[in-house]
Amino acid sequence: MGFLQAIGRTFITGLEVFGRLVLFALAALLDVVRPPYYPRLILKQMIEIGYYSLPVVGLTAIFTGMVLALQSFTGFARFSAESAIPQVVVVSLTRELGPVLAGLMVAGRIGAAMAAEIGTMRVTDQIDALTTLSTNPMRYLVAPRLVAGTTMLPLLVLVADIIGVFGGYVVSIYKLGFNPSIYLHNTFDFLQTMDVVSGLVKAGVFGFMVALMGCYHGFNSRGGAQGVGTATTNAVVSASILILISNYIVTELFFAR
Amino acid sequence: MNGKTPKIEIRGLMKSFGPKAVLKGIDLDVGNEESLVVIGGSGTGKSVLIKCVLGLMTPDSGSIKIDGEETVGKGGRERERIMAKFGMLFQGSALFDSLPVWENVAFGLIAGSGVGRAEAKEVALRKLGAVGLGPDVAELVPAELSGGMQKRVALARAIAREPEIIFFDEPTTGLDPIMADVINDLIRKCVGELGATALSITHDMVSARRIAHRIAMIYDGRIIWQGPTDTIDRSGNAHVDQFIHGRAEGPIKMPVRPL
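Protein chains in written order, with the numbering used here: chain A, 1 to 257; chain B, 1 to 259.
The following block holds chain B by itself, in its conformation from the complex:
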């Protein structure tokens, strides 16, 4: 981080749903043009973390700074201005099923940045090309595409406005290994070419190793380990070891009763 302001700075982030505390004080920095992947099991608060940073959920307490600017509690126009820096790839792609593919990709440009439709379509076609989809796909509706193609369209939509920060929510979940690798490659390429900062959450270790500069592990609502990707095998943390090797036995217990 070279002593500079981190792109994203999260301090003491807490979020509960009723009596259930999901985030119990997250401290996390993401440097400029860095790709940070947060790993962790299902239900450990990964999605809640990313939704809090995006402003889709309001945290109970804590601070989230983007470029040194506090974002918690910002609403309306200010929130929209901050949002313009973000791109998000949703787990289920979340494409607008009433719009053709190109309008999905161009949506942020037309609705958010006020670009004309013709110009936005050109940009959309270029972005679709960047994720390996031809202009023939542009007029289809999302329901006519396979899961892998939908994911690529969603990626094209996330990068269409050339955001400074891109969030990836389980980018490879539900894809076959080859398509997963294609998506990983595209994510590396897009983040690299745009010079964007990336914050991803995943439980797919192959994907994490491919796209991350740095990995952080979330467990029980806290970050229990973080370090450069190549040091994860020597983390010395039993939780991390159990997770990356996918063992059922270890400090992380699943409460399973006999049949």
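In isolation and in its complexed conformation, chain A is listed as follows:
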């Protein structure tokens, strides 16, 4: 009995959390479109998410592109398919690795920061203080972050795509001895608009997830420093998992026939 109870309790708690999360997301989305708007705060978040994430996302992208080229070369040599490297690098990056890796890096950087900041505001009564100053905390804190997350991650991924392809190019030309013009020619010949577009859509979804998780866990943090720590961890872990799950779903929507 105890075992069954435990399963039931976990299941019900899971549903409860899911329901609360969906309600939070809906309320936040409503608050994105309802005035007042805070352009100053949106801009601040955009700079925080878009600009300051460039180094970490750029580094991730360049090494991913480089290792893709290297791995593909050594692996594809087994069946004499080395010439497919440019296509492999660009398609993997734009469709898959660019958005997913950038999403995960941003989840670690931004999701954690959002949860910690909003969580600290919660436990020090700053969110209540907002309410007493006739300011809706959802509109003031959550809406700008959602807008910034959803719009900036696609831009980051676009940059990551370019840097990643460049990484693959550098390794292919200088280490593996490819011809530069043929490499670039192959890269763009086989690339389809849909590859890039699907990656950018993914990035938008991931950016939304990261901001939503950061805000949700921060908003619902309880109990001082430890609570904020837990909220930060939960924000990063849940955002990462949601990124991987929604990655499959979006891929299915775009490419499965």
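Since the hints were derived computationally from the structure, they do not count as laboratory data.
Note that the structure is predicted; figures quoted are calculated from it, not measured.
Every residue, glycine too, gets a C-beta built ideally from N, C-alpha and C.
Just to be clear, a hint being listed does not mean it is correct.
Claimed, not checked - If the Cβ cut is set under 7 Å, some of the chain A residues that face chain B in the computed set are:
(1) Q87
(2) Q126
(3) A129
(4) T132
(5) L133
(6) T135
(7) D189
(8) T193
(9) E252
The hints should help you fit chain B onto chain A, whose structure is shown.
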């Protein structure tokens, strides 16, 4: 109260957290321009009471009327309109640590009342002056201030919009006796000059005597005594006597087991 509508009228207010009933039916009136202090030990429901009145928590049942208008269950725009009448001084000051001092003070004016930034800054500097802080403090961030200064900034923020009702949550907790007296003085001055109604909660009897016109004592989720400040020493209530004299022995028991 002269037979007029009280500024705040609380009836049968109840609030529970899970199985634990915190407020068990509070009845309390605060008259216009009156300063009422609710005293009581830790964990007796003082903070929950004030949060219910502010609308930060939804009571399980009961009624809270502001100027005769029911506020329980109001949300959205209506709640924001009611909120515009309120100012709140939080126990931990709750200043926005990402904003400089003047923006903290001006926050309600800019975000809530739609005043321009330049004008709001002027008002903020004036309010900071009223709590004894110079313009040099205005550009600092809250983390650079001492606890007493933070409290004064928070007070300036609470009065910036010249609210009709100001709530003070443990205004002197964590301050040295001199700073506590400064804050008490400022509270008296601000409430008096604004003609505001004040509802405070505290367990600091010195502070309660200084700022209250009337004192009410909350115990076990109910108001067990209330009366004018100068009558508290003759309350004839054993709980009140124990509290104001700070005795461990009396009708209020702390469940302490031997070491």
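Hint-by-hint comparison with the structure:
1. Q87: Interface hint status for Q87(A): violated (47 Å vs cutoff 7 Å).
2. Q126: holds, 5 Å
3. A129: holds, 4 Å
4. T132: holds, 4 Å
5. L133: Holds. Min distance 4 Å.
6. T135: holds, 5 Å
7. D189: Not OK, violated: D189(A) not within 7 Å of chain B, min 49 Å.
8. T193: Hint violated; T193(A) Cβ to chain B Cβ min 41 Å, cut 7 Å.
9. E252: violated, 38 Å
Hint violations for this structure: numbers 1, 7, 8 and 9, all remaining hints satisfied.
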